[in-house]
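Sequence order for the protein chains is W and D.
Under the numbering used here, the first residue of the first sequence is numbered 7, with each subsequent residue one higher.
Under the numbering used here, the first residue of the second sequence is numbered 9, with each subsequent residue one higher.
Please keep in mind that the hints were generated in silico from the structure rather than gathered at the bench.
It cannot be assumed that every hint is accurate.
[To be verified] The list that follows gives simulated cross-link-like pairs (lysine-lysine, DSS-like), each with its CA atoms no further than 25 Å apart: (1) W:K99 x W:K261; (2) D:K129 x W:K56; (3) D:K297 x W:K190; (4) W:K23 x D:K213; (5) W:K99 x W:K23; (6) W:K260 x D:K316; (7) D:K297 x W:K185; (8) W:K128 x W:K190.
In this text the structure is predicted, and so the values were computed from the model without any measurement.
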Amino acid sequence: MPHSEQKVREPLFHIAKRDSIVWWKAWLIRGVVLLAALVFAGLVSFLLTKENPLRIYMTMLEGAFGTQRRIWGLMQNLAMLLCVSVAVTPAFKMRFWNIGAEGQVLIGGLATAACMILLGDKLPNPLLLLVMIAASVAAGAVWGVIPAFFRANWQTNETLFTLMMNYIAIQLVSFFTYKWSVPKGSGQVGVINRATHAGWLPSLGGHDYLINIIIVLLITFAMYVYLKYSKQGYEIAVVGESENTARYIGIPVKKVIIRTMLISGAICGISGLLMVAGTDHTISRDTAAGRGFTAIMVSWLAKFNSFYMILTSFLIVFLQKGATEISTAFSLNESFSDIITGIIIFFIISSEFFIQYSVRFRRKEAAAS
Amino acid sequence: MMWAGFLQRAIMQGIPLLYGSTGEIITEKSGMLNLGIPGIMYVGGIGGVIGAFLYEQNAAVLNPLLAVLIPLLCSMTGSLLMGLIYSFLTVTLRANQNVTGLALTTFGVGFGNFFGGSLAKLTGSDVPSINLTATSAFFRTSLPFSDQLGWFGQIFLSHSFLAYAAIVIALLCSFILTKTRVGLHLRAVGENPATADAAGINVGKYKYLATCIGSMIAGLGGLYYVMDYANGVWSNDGFGDRGWLAIALVIFAVWRPNFGILGSILFGGLYIVHNYIRDLDVSGQELFKMLPYVVTILFLVIISIRSKREAQPPAHLGLPYFREER
Numbered sequence: 007m008p009h010s011e012q013k014v015r016e017p018l019f020h021i022a023k024r025d026s027i028v029w030w031k032a033w034l035i036r037g038v039v040l041l042a043a044l045v046f047a048g049l050v051s052f053l054l055t056k057e058n059p060l061r062i063y064m065t066m067l068e069g070a071f072g073t074q075r076r077i078w079g080l081m082q083n084l085a086m087l088l089c090v091s092v093a094v095t096p097a098f099k100m101r102f103w104n105i106g107a108e109g110q111v112l113i114g115g116l117a118t119a120a121c122m123i124l125l126g127d128k129l130p131n132p133l134l135l136l137v138m139i140a141a142s143v144a145a146g147a148v149w150g151v152i153p154a155f156f157r158a159n160w161q162t163n164e165t166l167f168t169l170m171m172n173y174i175a176i177q178l179v180s181f182f183t184y185k186w187s188v189p190k191g192s193g194q195v196g197v198i199n200r201a202t203h204a205g206w207l208p209s210l211g212g213h214d215y216l217i218n219i220i221i222v223l224l225i226t227f228a229m230y231v232y233l234k235y236s237k238q239g240y241e242i243a244v245v246g247e248s249e250n251t252a253r254y255i256g257i258p259v260k261k262v263i264i265r266t267m268l269i270s271g272a273i274c275g276i277s278g279l280l281m282v283a284g285t286d287h288t289i290s291r292d293t294a295a296g297r298g299f300t301a302i303m304v305s306w307l308a309k310f311n312s313f314y315m316i317l318t319s320f321l322i323v324f325l326q327k328g329a330t331e332i333s334t335a336f337s338l339n340e341s342f343s344d345i346i347t348g349i350i351i352f353f354i355i356s357s358e359f360f361i362q363y364s365v366r367f368r369r370k371e372a373a374a375s
Numbered sequence: 009m010m011w012a013g014f015l016q017r018a019i020m021q022g023i024p025l026l027y028g029s030t031g032e033i034i035t036e037k038s039g040m041l042n043l044g045i046p047g048i049m050y051v052g053g054i055g056g057v058i059g060a061f062l063y064e065q066n067a068a069v070l071n072p073l074l075a076v077l078i079p080l081l082c083s084m085t086g087s088l089l090m091g092l093i094y095s096f097l098t099v100t101l102r103a104n105q106n107v108t109g110l111a112l113t114t115f116g117v118g119f120g121n122f123f124g125g126s127l128a129k130l131t132g133s134d135v136p137s138i139n140l141t142a143t144s145a146f147f148r149t150s151l152p153f154s155d156q157l158g159w160f161g162q163i164f165l166s167h168s169f170l171a172y173a174a175i176v177i178a179l180l181c182s183f184i185l186t187k188t189r190v191g192l193h194l195r196a197v198g199e200n201p202a203t204a205d206a207a208g209i210n211v212g213k214y215k216y217l218a219t220c221i222g223s224m225i226a227g228l229g230g231l232y233y234v235m236d237y238a239n240g241v242w243s244n245d246g247f248g249d250r251g252w253l254a255i256a257l258v259i260f261a262v263w264r265p266n267f268g269i270l271g272s273i274l275f276g277g278l279y280i281v282h283n284y285i286r287d288l289d290v291s292g293q294e295l296f297k298m299l300p301y302v303v304t305i306l307f308l309v310i311i312s313i314r315s316k317r318e319a320q321p322p323a324h325l326g327l328p329y330f331r332e333e334r
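Using the sequences and the hints, build the whole thing.
Below, the structure written as structure tokens:
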């Protein structure tokens, strides 16, 4: 027998991939980790402010839901983050690491602003809105397709390419904000078409943001159906799992990559439209406000499921609003919310490990067997 | 001499990028695409600021050696911790590298701005803003005879020790990567971890070490920026997008730290060239600031189309490696 009688030292613990996990167990782990994260975030806030921890959480809730205005603001921010998150999802599902959503959103916003400024008094409003939609979709799509084209044909690293495209978009926006600035040279565009409201998305039932929220929900639903039930969604999933398999079963990989990034970029363009025409009515290099990067985390944490994304982006937006309120209430710097967001994301990222793997400790009686 | 001044400024702009890209190259060579570098550089900068601030507040007389050592150690500890968070999450807990990196950047930039903005308030001191000119003066000590040698002195000798350290570190890293066994193993881990593992190389250990050492090097870039370039005055978001530019420089240097030295000066020059062009309006300046990124994209496209083997990213860059999932 080759079997050795020597005692083999077993490591203290080993890690094994779980075959599957009951859904409630997975959610239990997520819930516990989230709770731990919130406690930890509270602890950090407590150490910095020396305030009663309960008051800190109350302040967070107050900041997010305190008044009707704040609730609308929360919903609006949620919708914007969700829109970008949904936009980046098809590409990620294909394992195409598009971290250029920030740029794609900005360039869509820039196209929108350009139409509002240059055509605002030349076209009737419905026609202007159509032109704006077309322009923002086209701009976002172009910004997304350029890296995809090179990735599909020459394996150009898409993470680095899309990252660089962000800054080109940001500088382009800076360039045009100086060109269009009111008053000249101030570097700020100001509210576009303040008097005529030309190109502004209409407010439904007196709520300015309602139309944004409805559009985003429609996009979210459509994306869910597209990824789950359409042939193209299936192709995306296969390319994501293995490009070689996809090629073998006759999926045109290049075409799928370019097409998916076209869709991804186009929806980013629409988010830009919603931010410029539906929210800010102006453009600056901060219009996307880092959502292009946050969206990547939101989408990934939601496991690319559009509906979970409502939850994850709610969590992020809630934390940001809450932490901002803490920082104003206790006169801390507003970057406090970034720290809290970062901590919570670290926690959630690590929770996925415990869902996918089980840690087995060395059994004391291992020698007895 | 205008061009001597330009070169000197370009080098000063380039040094933080050089630190960042050297750190990132070491990290990427182990197959880890650490997008947390911008955050790490912020933390490196604020770490130095915190150390210097506490020392200046508590010491009656500043000892030059301590005034340099304390911020240096604080800065390196801060960036080391950031590197540890990243490698713990990605190597031990097997989290996605891009997501972790971006979260780390959010956290690090927030951390820097938060403490930059609230440090005085938190420590209960009555200074209106953080101004570490005294510490900065020690950091900026340059060679004594640099101002007597005209343009030569201005370009090559007028810098502080951190600037020369950046170049030495870059050369050292190049040497280690290409000429030593450790470097060979590191490259093997980044190119094909499965083969490296089979050859008996501890993949996890290399990834951890490369990420942590890389982070500490990158963090020094933040320190240089605050203490030398900004004269010890922390301003929120002052560091700007230099962290991403450092990642761009990695590509431009084709993953070789020694190429990064010249590349950083070029990038530094591109970053400020708009100041030296006559009759350029503000909007035109913004277009010029795009240059480093455009150059990087062109470069990235060219190297991928030519597909020469020496100029490619590490084959396993950004991909996870878990032994039992092969």
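Against the structure, the hints come out as follows:
no.: 1; hint: W:K99 x W:K261; in the structure: 15 Å, holds
no.: 2; hint: D:K129 x W:K56; in the structure: 13 Å, holds
no.: 3; hint: D:K297 x W:K190; in the structure: 21 Å, holds
no.: 4; hint: W:K23 x D:K213; in the structure: 21 Å, holds
no.: 5; hint: W:K99 x W:K23; in the structure: 21 Å, holds
no.: 6; hint: W:K260 x D:K316; in the structure: 22 Å, holds
no.: 7; hint: D:K297 x W:K185; in the structure: 16 Å, holds
no.: 8; hint: W:K128 x W:K190; in the structure: 22 Å, holds
Going through the hint list in order, the structure satisfies each hint without exception.
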